[in-house]
Amino acid sequence: MIEIRSPKGLGRVLSLAAATTALMALIPADLLAQAAEAGSQSTVTIPAYGSFPAPGNRVAIWIAAQVHLFFAAFVLGVPMFAVVAEAIGIFGKETKYDKLAKEFTRLLLVSYSATAIWGAILAFGLITLYPGLWSYLARIFAPSMWVYVSLFFFESFTLYLYYYGWERWHEGRAKLMHWSLGILLNVWGTAVMFIANSWLTFMMSPPADVVADTAPEMVKFWSAFANATWMPINIHRMIANVVFGGAIVGAYAAYRFLTSKTDEERAHYDWMGYVGNMIAIGALIVLPFAGYYLGREIYEYNQQMGITMMGGFMSWLWIIQAFLIGVLFLAGNYYLWVGMGRIPGAERYQPYTKWMLAVLVLGVIVWATPHSMIADRDELAAMGGTHHPFLGVLGVMSAKNTAVNLMILTTFLSFLLYRRANKRAVVPWARTGTMVQTVIFVLAAMIVLFYGVYGYFVTAIVRIGFSVYQVLAVLAAMGMVVALDIMIMRGAESYGAIRWGKMPPRSQYALFILAVTFTWLMGLMGFARSGIRQHWHIWEVMRDTSEFAATPPLGYAAQVISLCVVIFLGLVAFIFWVGSLAEKPIMSHPREDSLPPTDPRLAPAPTGD
Amino acid sequence: MWQTNLKILLIVLGTLGLYTWVASSIPQVASAVPEELTFSGDVSADDLVMAGEQLYAGAGTCVACHGLGTRAPNLLTDHAGEGTIGQRCGSRVSGLDCKAYLLSSLTEPASFVVDGFPEMVFQARTFSDAQIWSLVAFLQSLGGEVTVTGDDLESAGDSAEGASAPAGPSQTTDARALLQENSCLGCHAIDGSGAPLGPNFDDIGGARTAAQIRNGILDPNADAAPGFDAMLGVMPTTFGQSLSATQLEAMVTFLAARK
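Sequences listed follow chains A and B, in order. Position 117, counted from 1, in the first sequence is what the numbering used here calls 117; the numbers after and before it change by one each time, with no gaps. Position 24, counted from 1, in the second sequence is what the numbering used here calls 1024; the numbers after and before it change by one each time, with no gaps.
Derived by calculation from the structure, the hints in this document are not laboratory data.
With a cut-off of at most 25 Å between alpha-carbon atoms, the simulated SDA-like pairs for lysine to any residue come out as follows: (1) Lys502(A) with Glu265(A); (2) Lys1007(B) with Leu324(A); (3) Lys1007(B) with Phe576(A).
Produce the entire structure from the sequences given, and follow the hints as far as they go.
The following block contains the structure:
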């Protein structure tokens, strides 16, 4: 129980604060009544915790938060590439991109209310099950909560204008204004996310001058808002939302592809699935760097928290993460390799596939090798030391960084081969250019390997610095190779148009696996971020004194995460189905300029596959 | 259509089932809540050891570093041929018996950094006296004799809430004490003690002006000291908040005079 003792004068102030907080948060009537009594009596007792029937408070709030986050990530990620797709449509004069952007936005529209509903469930869950924590946070963050609500309002109505104005404002200046609405939608959405992130990161990394005895009113708003992990989380979530949105769009397209009745539809959704997958995997390649920044900030804020995360009771979590990311790399590449079957000329690259697969599999094996695990005396004795005599060598940071960088390079190579599969370069220096590209690839791989091996012979602090050189080598190689490729393929001849729609169904199931894995991985990372607080609601400021204060093991967490994913995907399937009901009449009478096959790549595909 | 839906459903559930199974198959480690310990004056050594072991393996998160022997000295089994911690604790620091050494190294980790390892990040202020003493008893029990008694707990309670009670901000303006309290010697060396991860303090006044030293404390990531580029980003940026102005100037004056 939390006791608020107050003299009568202060009681009025407290009652005002409590009433404001209650109004803000829509506190239920019983709590509101208690707060109102603060003015007439000197002591008000607010229960620290409510009670939720089985499975209890923790799982209830966990599910509410996680499912809300899934929807929120989707509705924040999709507008980013919807607005980019619309821009390609406007400035590249490619109407199929405009149609794609509109279809993205339609998914957004139907997902929006689900996001808000789960947000309300989360807010009510916090108010009723964790009133003490909620009251504390509201007393610090009340101003930002009002701003949040206002921005959410603007965001909603901008979305309505953006979607429903699509047909009306479809050319000339009006189209540009429409596009600017899309940009505005992203601005509102990003601001909303940044505000919510400040609340949750404050729980992780409150400012150093906030201690258990600090009254919420004494906490400086901006130092609480812009706390140590706020910006790292903002950046990490922004990129992760793009990855997640791309994956869900890919799964949606895969479903529509599998259930398509015409070649035209099949071609469109094949292309849409490809775009979704490219967005997801492309952003995924950048995500580890944002994760590294976040991890570094956590360590800098509090080493004990960092060690708990990477080497404490959560150490096994990163093995699971490696396994999941391995699945993502394998499924993403598999989709590309299968997709090359519909590209004339791609057969010349097929012999390389098995080697790329070998590199990816070896990379996953190394990355998922345990090393710094918690071990008790019996386990130490069984291993004959603190590490496994053979596997221990592969489990260290040097080996893992090398593995993941080579996996990124390999995936990039897959994209490159896919990109140039049906093209024949005509510039006279094409052969030389390709050789230079090969040398760049080999050099990058050698730099990665060199620092990987060298890392075994230097101290830990020096070794950590090597990862930067490895990453820079990979990024530089990717940049240079792409730049060269654009020049080499200028005016290239075509082996034939991509036969969109000519994809075997198994490729589409890979898109489902990608979506499920991204979603599950997001749940796992949510558990990691929240779990490192352990038995603290607010790290070293407010203890969790409830019966659910202990942080559960991974097996338990995995069950809850899977349940959240089932709820989310089930709702998404329903929402998208509902959306498709409204869409069908539109599909049968498309506007002239929205027909897709104006591009040769969208030429009608041969029947079936 | 229904066949396609069924296939999708099976793939989704199969993938989820696989991940759940994998996550349930690895060693299951939970993070327990530190148990509120209340011991009477006649508490037995066994009770203290048992409570300490639970804390060590659970909420204390000690095994994250000390269970491995790479991040920190191995306390569970032999370390560097010196025996278990219970065997070697009495000879670690002359003048300190095993119990005093263990207690001091828990409550003042910056003063007891073992060669070859960084300073321990254990935050004693988040644990109660009883929890700290139970840890001492457990560590003694690993090859040594448990000498912690109920008297130790009672005397800790009498002495200003004990070593582990949450302490307010230090008021000292003694620069050497501030170096200790702020764990500066975890990375910097002075007079032969400390670690060489950051610039040495013995002659720092000759290489840096007072203003540079002050900036280095307040905004350590703005500029790396020559030869320490790789360490940029490691030093905490919170000293501007945690030190008072008087304390900061005391440290700056002290360090600037080291030539």
